[in-house]
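Asker: Chain residues, written in single-letter form:
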Amino acid sequence: MDFNFSEEHNLIRQTVREFAENEIRPIAKDLDENESFSYNLTERMGELGLFGMTLPEKFGGQNLDTLSYIIAVEEIARIDGSHAATLAAHNSLGIGPIYYYGNEEQKEKFLPKLCTGKALWSFGLTEPDAGSDSRGTKTKAKLEHGKWIINGSKIFITNGSTQISIGSTVQAITDENSDGSKEYSTIIVENGTEGFTAKPMHGKMMWRASNTSEVYFDNCIVPETNILGERGQGSKIMLSTLDNGRLSIAAMGLGCAQGAYELALNYSKERKQFGRPISKFQAVSFKLADMATKIELARNLLYKACWEKDNGKPFAMHAAMAKLYCSEIAKEVADEAVQIHGGYGLMKEYEIERFYRDQRLLQIGEGTSEIQRLVISRYIGC
Amino acid sequence: MKIAVCVSHVPDTATKINIGSDGKTIDPNGVTYIVNPYDEFAIEEALKTKEKLGGEVVVISVGNDANKETLRKALAMGADSAVLLKDENQRDSFGIAKALAEEIKLQNAELVFFGKQSVDYDNSITGQLTAELLNYNSVSVVVNLNIDGNKITAEREIEGGKEVVETSLPVVITAQKGLNEPRYASLKGIMAAKKKTIEEKEAVAANLFVEVVEMKKPAPKQAGKILGSDSSAVSELVKLLREEAKVI
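Note that the protein sequences, when read in sequence, are chains V and S.
In terms of the working numbering, the first sequence is residues -2 to 379.
In terms of the working numbering, the second sequence is residues 119 to 366.
I should point out that these hints are in silico values taken from the structure, not numbers from a laboratory.
Bear in mind the structure is a predicted one, so any value in this text is a computation, not a measurement.
Some clues are possibly wrong.
[Said to hold, decoys possible] Heads up, simulated EDC-like pairs for lysine to aspartate or glutamate below, C-alpha to C-alpha not over 20 Å straight-line:
| id | chain 1 | residue 1 | chain 2 | residue 2 |
| --- | --- | --- | --- | --- |
| 1 | S | Lys312 | V | Glu54 |
| 2 | S | Lys314 | V | Glu54 |
| 3 | S | Lys314 | V | Glu4 |
| 4 | S | Lys313 | V | Glu267 |
| 5 | S | Lys306 | V | Glu5 |
| 6 | S | Lys306 | V | Glu4 |
| 7 | S | Lys339 | V | Glu5 |
| 8 | V | Lys115 | V | Glu30 |
Same shape as in the complex, but just chain V (with noise of 0.2 Å):
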């Protein structure tokens, strides 16, 4: 076995770090506050290189393994959940299922430019009635002339409808057989296009300077080869773009864990009360230490399963196992790193606030802790 980093990890690691703290820290509290989306910040990210880090260069990419995007997107979310919501929804769940699913034309038309961070994509799966239980999907798309007629809705979509939003990747069910099983499939649709319109959800606990979308389709109109993979396929794109998905949403867990801590950590030292700091006091240092082991372990569980889908292992389970464990340790340690803070802790001025209200979104999200529990209980074979 090896634990080493590699000499790119590092430097990787290091760079994000440094963009983080000197460009997003500064700004993370007024952009939370105003619920306010920055295209700089985004731009800046992709200048940097984190949009499309996986893909081969001809696509614009940098040809980087699982591992260099989840210390990205630990690196960026130990400073700031919203921008590393918007880092990590756009790579696995916009740029992802084109990248794995589309055919070479809709890749060169559309990877290019969504590796720029000049324009982002979403993933449309999520409705007002189908959360947890995806097949409650009501939105349809029927196929008249060469075309495809979409009617419905879609709900908490990351990245969905903000100036440089492009397009977006919408499940629909596409056909449905006389026995009541239904057929779905996933489409492209670009903004712009006549009956699609997506508008920000304003009112957010958290992640308040992502962009989250309600999305309409009112007899929206696309062309049949804006199919996504084979038609019926849906189900499975939307399921190994999940299997994805949950190892960046593990690191945002991961690194809202490590930046609370280290709030909390440094607060602890600073902080005097009898006389001493009371990382002095053992009720203090103990709840430090369980900090600190906890972020350990779940690095350790999101890392194995990065390198098991680097060296072409089965990784779902594993990933479904480090989405619920870092994203309960962020609550935990985000929680604990509040009480350290004492008073001062609910207090806006202080960032550990914000960390608090982050990491809500995590054990919800790409889905819950109730889910991923489902996903690993079937894996072991209950």
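Given the coordinates of chain V, assemble chain S onto it according to the supplied hints.
Answerer: For chain S alone, kept in the frame of chain V given last:
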């Protein structure tokens, strides 16, 4: 034009430093090393100069294998090649300057950048020593640089102000914060750096003129004094600042 940048690999300024068991060196355990922050300005200025005037940037470091990390980062930022002058033993500033000067001569570099100091030993002297050994001009603590043909115009920081000096190639420039905004190593740069090689050779021998005999941690901070809480304390405070602390 060949441009050389001399870089050092130093403990992260945020790291807690402990003194090693020999009492003369720092204990490297648990210490994270980084590119010397002032050297990042030097690398950036070299890259900017290359982008403007053409040429080739070589980064050079004296030390052991650990320094490769710093060289690799400079390559990822965009330097063309790297040389590691190997020596496992601690050198003084002169020993480092001698090794660097020898390599700069071989590289035939007419424009040489250093950070104004390394944040580990803080001698702030290696750049100027190197210039002397090479018989190059030298300008230190530079915050603005303009190269026009052979003519160099540099703005440098001096106590309480700035001065503008003119000189000519060949020259050694030591960089101060404010000279530029160092770029991030992009992922593309990191991947490209993987393909570049770091040339390794023995650093030329040099006599040791300065030897570290002991390292000590600063004395722990003394408790502060409270002189009073009304205006009557002011004159006492001024007196103490002047006579005891000798800071005004």
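Asker: For every hint, state whether the structure bears it out.
Answerer: Results of checking the hints against the structure:
1. Lys312/S with Glu54/V: Distance ~15 Å between Lys312/S and Glu54/V Cα, so the pair holds.
2. Lys314/S with Glu54/V: 18 Å, holds
3. Lys314/S with Glu4/V: 13 Å, holds
4. Lys313/S with Glu267/V: 45 Å, violated
5. Lys306/S with Glu5/V: Measuring from Cα to Cα gives roughly 11 Å; hence the hint holds.
6. Lys306/S with Glu4/V: 14 Å, holds
7. Lys339/S with Glu5/V: Roughly 41 Å between the alpha carbons, so the hint for Lys339/S and Glu5/V is violated.
8. Lys115/V with Glu30/V: Cα-Cα ~24 Å, so violated.
When held up to the earlier numbered hints, the structure conflicts with 4, 7, 8 and fits the remainder.
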